[in-house]
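**Student:** If you're matching them up, the sequences are chains S and W in order.
If you read the first sequence in the numbering used here, its first letter stands for residue 1, the second for the next number, and so on.
If you read the second sequence in the numbering used here, its first letter stands for residue 1, the second for the next number, and so on.
You may find that some hints are simply not true.
Treat identical chains as interchangeable: a pair holds within one or across any two.
[Stated by the list, open to error] DSS-like, lysine-lysine: derived pairs with alpha carbons at most 30 Å apart:
hint, residue 1, residue 2
1, K585, K478
2, K560, K545
3, K191, K284
4, K512, K576
5, K331, K458
6, K327, K458
7, K478, K576
8, K585, K498
9, K576, K498
10, K284, K327
11, K461, K327
12, K331, K498
What the hints contain is simulated information worked out from the structure, not anything from laboratory work.
In this text the structure is predicted, and so the values were computed from the model without any measurement.
Protein chains: 2
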Amino acid sequence: MAGKFISMRNLEFLIYEMFDTESLTQYPFFQDHSREIFDMVLDTAMKMGKDILFPAFSDMDKNQPEFKNGKVIVHPVVKEVMEACGEGGWIGAHTAYELGGQQIPNTVMTAFRGIFAAANYSACVYPFLTTGAAHLVTSFGSQELIDRYVPKMFDGTWQGTMALTEPQAGSSLTDISTTAYPTEEGYYKIKGQKIFISCAEYEGIENVVNLLLARIEGAPPGIRGISLFLVPNRRYDENSELVANDVICTGIYHKLGYRGAPITQLVLGDDNNCHGWLVGEPHKGIRCMFQMMNEARIEVGMGAAAIASAAYYAALEYAMERPQGRKITSKDPNEPQIPIIEHADVKRMLLFQKAVVEGSLSLIFNCAKYVDLIAVLEGEERERYELLLEVLTPIVKTYPSEMGILSTSQGLQCLGGYGYCDEFPLEQYYRDVRIHAIHEGTTGIQGMDLLGRKVVMKNGKALFLFLEEVEKAISEGKSIDEFASCAEALQDALEELKEVTQVLTGMALEGKIELFLADATLYLELFGIIAIAWQWLLQAMVAKKALTGNPSSQDADFYKGKLYTFRYFFEYELPKIQGLASRLKRSGDGLTIDMKSEYFAD
Amino acid sequence: MAGKFISMRNLEFLIYEMFDTESLTQYPFFQDHSREIFDMVLDTAMKMGKDILFPAFSDMDKNQPEFKNGKVIVHPVVKEVMEACGEGGWIGAHTAYELGGQQIPNTVMTAFRGIFAAANYSACVYPFLTTGAAHLVTSFGSQELIDRYVPKMFDGTWQGTMALTEPQAGSSLTDISTTAYPTEEGYYKIKGQKIFISCAEYEGIENVVNLLLARIEGAPPGIRGISLFLVPNRRYDENSELVANDVICTGIYHKLGYRGAPITQLVLGDDNNCHGWLVGEPHKGIRCMFQMMNEARIEVGMGAAAIASAAYYAALEYAMERPQGRKITSKDPNEPQIPIIEHADVKRMLLFQKAVVEGSLSLIFNCAKYVDLIAVLEGEERERYELLLEVLTPIVKTYPSEMGILSTSQGLQCLGGYGYCDEFPLEQYYRDVRIHAIHEGTTGIQGMDLLGRKVVMKNGKALFLFLEEVEKAISEGKSIDEFASCAEALQDALEELKEVTQVLTGMALEGKIELFLADATLYLELFGIIAIAWQWLLQAMVAKKALTGNPSSQDADFYKGKLYTFRYFFEYELPKIQGLASRLKRSGDGLTIDMKSEYFAD
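Taking the hints into account, I'd like the entire structure generated from these sequences.
**Tutor:** Okay, here's the thing in C-alpha cells:
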C-alpha cells in the first residue's frame with residue numbers, strides 16, 4: 001500500500017453501494033452513461049493521480065512558486081496537469097454537450113476531484129478552479145462570452161480564477177470597492193485591487209480568466225450593488241491578437257502549506273486600460289456567486305477530506321510497519337517488538353482518522369448526489385434536494401475542514417518524532433489541510449450561515465427535511481437488532497438538536513439577534529457531528545447487508561472495518577454533542593458578548 | 001502591545017498573588033531572596049527576551065540549521081544567547097551556591113524560562129537543555145565529573161544534551177542498545193547510535209556534554225539494564241587539551257517547526273574511541289532520568305503554553321486593529337467597519353486562547369511551587385507534594401501541549417487568510433507548538449503513565465491527594481455566592497472522575513490490563529480538563545478578592561478578564577468531560593482492542 005492516498009474500494013462503496021450513482025442514468029441528461037463509463041473516469045483519475053500528481057506532491061511544496069521580476073514561476077508539473085486535464089476533457093466534463101462537456105454526474109466528478117486532491121491538493125487547484133470559473137460563465141454569461149472563453153478554459157489553455165477578496169473586504173463582501181466604469185463599447189473599465197487570488201498569474205499559461213466581483217460606478221452600497229465580471233489578464237485586440245489587459249500581479253504570498261499554488265495580489269486598471277465584461281445582471285453578482293457556492297463548498301470539504309485521507313493512509317502504512325514496544329500484557333524485553341498498530345491507543349488514533357475521513361466522504365457524496373438530482377428533477381422533488389443541500393452546505397464544508405485538521409494531526413502523531421520531520425509526508429499534509437477552515441468562508445462564517453440563514457429559511461423547512469432524512473435512517477436502524485442502540489443514541493442526539501435549535505431560535509424571535517448567533521460555531525459543530533453520525537449509520541446498514549451476501553474475504557474485511565468504525569463514531573465522537581448541547585442551551589447568558597475588549601488587555 | 005508575547009502582569013499574578021512565591025524565603029535555602037530579587041530576574045528575562053530572542057524568532061525559522069561538510073551551522077544568535085545566559089548565571093541559577101548556582105526558586109526560574117520560550121522557543125532550548133543536563137550531573141555525578149563539566153555548562157561555554165532515543169527505541173526505552181564497555185581506566189567505551197538529539201553538535205560551541213542512556217556490556221535486558229553516562233563530544237587528553245571523542249554527528253532532521261534548534265543523529269564509538277563516564281549507579285540510569293523527568297515535563301508544558309501565549313497576543317493585537325464587517329444588528333454598509341474583536345465569535349476564539357494559556361500557566365506554576373516545596377520540606381509534608389507532582393506531571397505536560405495546538409490554531413484562525421501567510425507569525429507558532437505533544441513522551445505515553453502508574457501508585461494516594469486539593473477549592477468556592485454554581489459543576493465533574501476511575505481500575509483488578517489502559521488517553525484528557533477547571537476556580541477567587549481591594553482601573557480590567565475567562569472555561573470547556581466520561585464508562589467493550597489490523601486494509 002506504499003503511496004496509497006485514497007481508497008478506490010471505498011469510493012466505489014460510496015458511489016455505487018451507498019448512493020447508487022448508476023440510477024442517475026435513468027434520467028435523459030445522464031442516459032448515455034453507465035457504470036463502465038464511471039469506472040473508466042475513476043480509473044483515469046487514479047492513473048493520473050499516481051503518474052502525474054502524486055510524484056510531484058513533495059517537490060511542489062519544497063519548490064514553491066516565486067515572484068521574480070514581476071513574474072510568477074510555478075512548478076513545471078502544472079503545465080502537464082493542465083494539458084492532461086484539458087486533453088482528457090476533465091475540466092468541463094460535467095457540462096452539457098452543447099457547451100463542450102460530457103454530462104458526467106457531479107457524483108462521479110466529485111470522486112475524480114477527490115482522487116486528484118488526495119494525490120496533490122495544490123496541483124488539483126489549477127484545473128478545478130478553472131472548472132468553477134467556467135461554470136460561472138456557462139451559467140450566467142452571454143453566448144459571446146461563452147464562445148470566446150469557455151473552450152479555451154475547458155481545453156486547459158487558459159486558467160480560470162475566482163476574484164472576490166480585497167484588502168479591506170475579506171469575510172465582508174459588502175465592502176468590496178473595486179469599481180467598473182461603463183463604456184459605450186459595452187465593456188467596463190475595471191479599477192481596483194484583489195488579494196488572495198489563487199493562480200491568477202503564472203509563467204507558462206497563455207491567459208487567465210478572472211471571475212471578479214466589482215461595483216458598477218454609482219451602484220447602491222452594500223451587497224446589493226455588487227456585480228460579477230469576467231476580467232482576463234490578456235484580451236483580444238481588434239486583430240484578434242492577445243494583448244495585456246492592465247491586470248498586474250504585484251506579488252504572491254508565502255504560506256504555511258498549499259504551497260504548490262501561487263496566491264496572488266492583483267492591481268487592475270492602474271493604466272485605466274483594464275476591460276471587463278459583465279456576467280449576469282448588474283448588481284446581482286453575489287447572487288450568481290452564491291448559486292455556485294454550494295458546489296464550491298462541497299469541493300472545499302472534499303479537499304480537506306482528501307488530504308486527511310492521504311494522511312491517514314500514510315499513518316496506517318507506518319503503523320503497520322514500524323515495530324515499537326510490546327503488548328502491555330507481555331513486557332518481556334527478550335520478545336521481539338510488535339508493529340505499533342497492535343497498540344490499542346494507535347488503533348484508536350487510526351479509527352478516529354478513518355471515522356473522520358470516511359464519514360466526511362460519505363456526506364460529501366450524499367451532497368454531490370443531491371446536486372445531480374437537482375439537475376434532473378423538477379418542482380417539489382427538486383426543491384426538496386435544493387433545501388437539503390442548502391442546510392448541509394455549511395456542514396459539508398466545515399466538518400471535513402475542521403475535523404480534517406485534527407485527523408491529520410493524529411496521523412502525524414502516529415509517527416511520533418518522524419511525523420514532525422519532512423522525510424515523511426505527514427508534516428506537509430498537516431500544513432496543507434489547515435487552509436480549508438479559512439477559504440471559501442471561514443468556519444465562523446459557516447456557523448452564521450447555518451444558524452442565521454439555513455436553519456430559519458422558509459420557516460425551517462430545510463431543517464425539517466434534514467430531520468426527516470435522519471429519522472428515516474433511525475427508524476430503519478431501530479428495526480435491526482445490531483443497530484438499535486446506536487439508532488436510539490442518534491434519536492437522542494436529534495432531540496438535543498431540536499431542543500437547542502428551539503432555545504436559540506427563541507432568542508431570534510425575541511429580536512435578540514446577537515445572542516442568537518453568538519455560539520453559532522458551536523451549533524455548527526453539534527450539527528456536523530449528528531450529520532456524520534447519520535452517514536455512519538447509513539454506511540453500517542449497507543455494510544451489514546453486504547456481509548450477508550457472502551462477499552470475498554477482502555470485501556468482508558472491508559465491511560467489518562466499516563462496522564467497527566461506525567461503532568467507534570458512536571462511542572467516541574457522537575458523545576461530544578453532550579458538552580456542546582449543554583453550553584448551547586445556556587447561550588442566553590451572552591458571555592462572549594459581555595466580555596469587553598479591554599478585559600483582554602493584560 | 002505590538003510584539004507582546006507573554007503578559008508580565010499575569011506572571012506576577014501567578015507568582016505572587018496565586019502561589020505566594022515570596023513565602024518561600026522563610027526557608028533557609030531561599031532565605032537570601034526577596035520579591036525585589038525575583039522581580040529583577042523577571043525583568044532581566046523580559047529584557048533579554050525582547051532584545052535578543054524575539055528579534056531572531058522569525059529569522060531562525062527562515063534560516064534553519066544546515067548540515068554541510070559534516071558540520072552543523074546554526075543561527076548566529078545562538079552564540080549570543082548562550083553567552084548572555086552564561087554571563088548572567090541563568091543556566092544554573094536554581095542550583096545550590098556550592099555548585100555554582102544562586103538558589104533561585106524553581107517557580108521564578110519557570111517564569112524566566114516561560115518568557116524565553118514565548119519570545120523564541122527554539123533559541124531557549126540551547127541554554128535550558130544545558131540546565132537539565134547539568135542538573136543530572138549535579139544530582140547523580142561524581143565530584144570529579146561535577147568539577148570538570150558543570151562550571152563550563154553553567155557559563156554557557158559547553159552545551160548540554162539528553163541523549164535517549166535510538167532508531168529502534170523511540171517510546172520504548174527498554175530497547176536501547178547503545179553499549180558501554182568497561183575499561184580498566186575507569187571510563188567506559190561507548191558504541192551506538194542516537195537520533196532526535198537536540199543541539200548535540202553545532203559550529204561555534206566549544207564542547208557538547210551528552211547525558212546518554214546506554215547498556216553496560218552484559219547488563220540484564222530491559223529497563224533494568226540501562227545506565228546513565230556522560231559522553232562529551234570532545235574530551236581532555238593527558239595534556240588537558242580538548243580532543244575529539246569519537247562522537248560523530250551524521251546529519252540533522254528538517255522539521256515542521258522548532259526549526260531554530262538542530263535535531264541531530266549521532267554515531268558514537270565508530271573508531272572505538274568514544275569515552276563515557278558513568279553517572280549514578282550501574283543499571284539505574286532510567287531511575288536517574290525519571291527523577292529529572294517531572295521537571296523536564298513541566299518545562300515541556302511551559303514551552304507549549306509559552307508558544308500558545310505568544311500566538312494569543314499576536315491574534316489579540318490583530319483582532320483589536322483589523323476592521324472587518326459590522327455588528328449583526330447594524331448591517332448598514334455606509335457605517336464604518338468595526339474591529340473584529342467586536343464580533344462575539346472572535347471574542348469566543350480569544351477567550352478560548354486566554355483560557356487555555358492562563359489555565360495552563362496556572363497549573364504549571366502550581367507544579368513549580370510543588371518542586372520548590374519538595375526541595376525545602378521533609379517527611380510527610382514533602383511526600384504530599386511529591387505525590388501531587390507525580391500525578392500532575394502527565395497533565396502539566398499534556399494539557400498545555402495538546403490544547404496549545406488548538407489554541408494556536410484558533411489564533412491563526414482569528415487572522416483568516418493572513419494567519420496562513422508567513423508575513424504574520426501565527427503560521428510559525430502553529431508549526432512550532434506541534435512538537436510538544438511528541439517530545440518527552442507522547443500524549444499516548446502520558447496517558448498510560450497517568451492511569452497505569454500515577455493513579456494506582458501507593459493504593460491511589462496520589463489521586464486521593466489531588467482530589468483533596470480540588471475539594472478544598474470547591475468548598476471555598478461554594479461559600480461565595482458568585483462561585484457556588486461553578487463550584488458545584490466542578491464537584492459533579494470530580495464525581496464523574498471518581499466513577500470513571502472506579503470503572504477502569506475495576507478492570508485492572510480483574511486482570512484486564514489491556515482493557516484498563518485502552519482509553520487512557522481519553523482519561524488523561526478528562527483529568528486535564530478538571531485540573532484546569534480547578535486552577536480557574538482558584539484564579540477566580542483570587543481575582544474576586546483583589547477586586548474588592550480597590551485596584552487601579554487597569555488592574556480591575558485584568559481581574560475582570562480573569563473572571564470572564566473563568567466563566568468561559570466552566571461554560572465551554574468543562575462540559576467537554578461529559579462526552580469523555582460517557583465513553584470511558586463503556587471502555588469495557590474493548591472496541592479498539594477488537595478492531596483487527598486487516599479491517600483497516602481497504
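**Student:** Next, verify each hint and record whether it holds.
**Tutor:** Right, here's what the structure says about each hint:
no.: 1; hint: K585 to K478; in the structure: both (28 Å within a copy, 23 Å between copies)
no.: 2; hint: K560 to K545; in the structure: within (11 Å within a copy, 58 Å between copies)
no.: 3; hint: K191 to K284; in the structure: within (19 Å within a copy, 74 Å between copies)
no.: 4; hint: K512 to K576; in the structure: both (27 Å within a copy, 27 Å between copies)
no.: 5; hint: K331 to K458; in the structure: between (63 Å within a copy, 22 Å between copies)
no.: 6; hint: K327 to K458; in the structure: between (57 Å within a copy, 24 Å between copies)
no.: 7; hint: K478 to K576; in the structure: both (22 Å within a copy, 28 Å between copies)
no.: 8; hint: K585 to K498; in the structure: both (11 Å within a copy, 26 Å between copies)
no.: 9; hint: K576 to K498; in the structure: both (16 Å within a copy, 20 Å between copies)
no.: 10; hint: K284 to K327; in the structure: between (64 Å within a copy, 24 Å between copies)
no.: 11; hint: K461 to K327; in the structure: between (53 Å within a copy, 27 Å between copies)
no.: 12; hint: K331 to K498; in the structure: between (50 Å within a copy, 29 Å between copies)
Checked against the numbered hints above, the structure breaks none of them.
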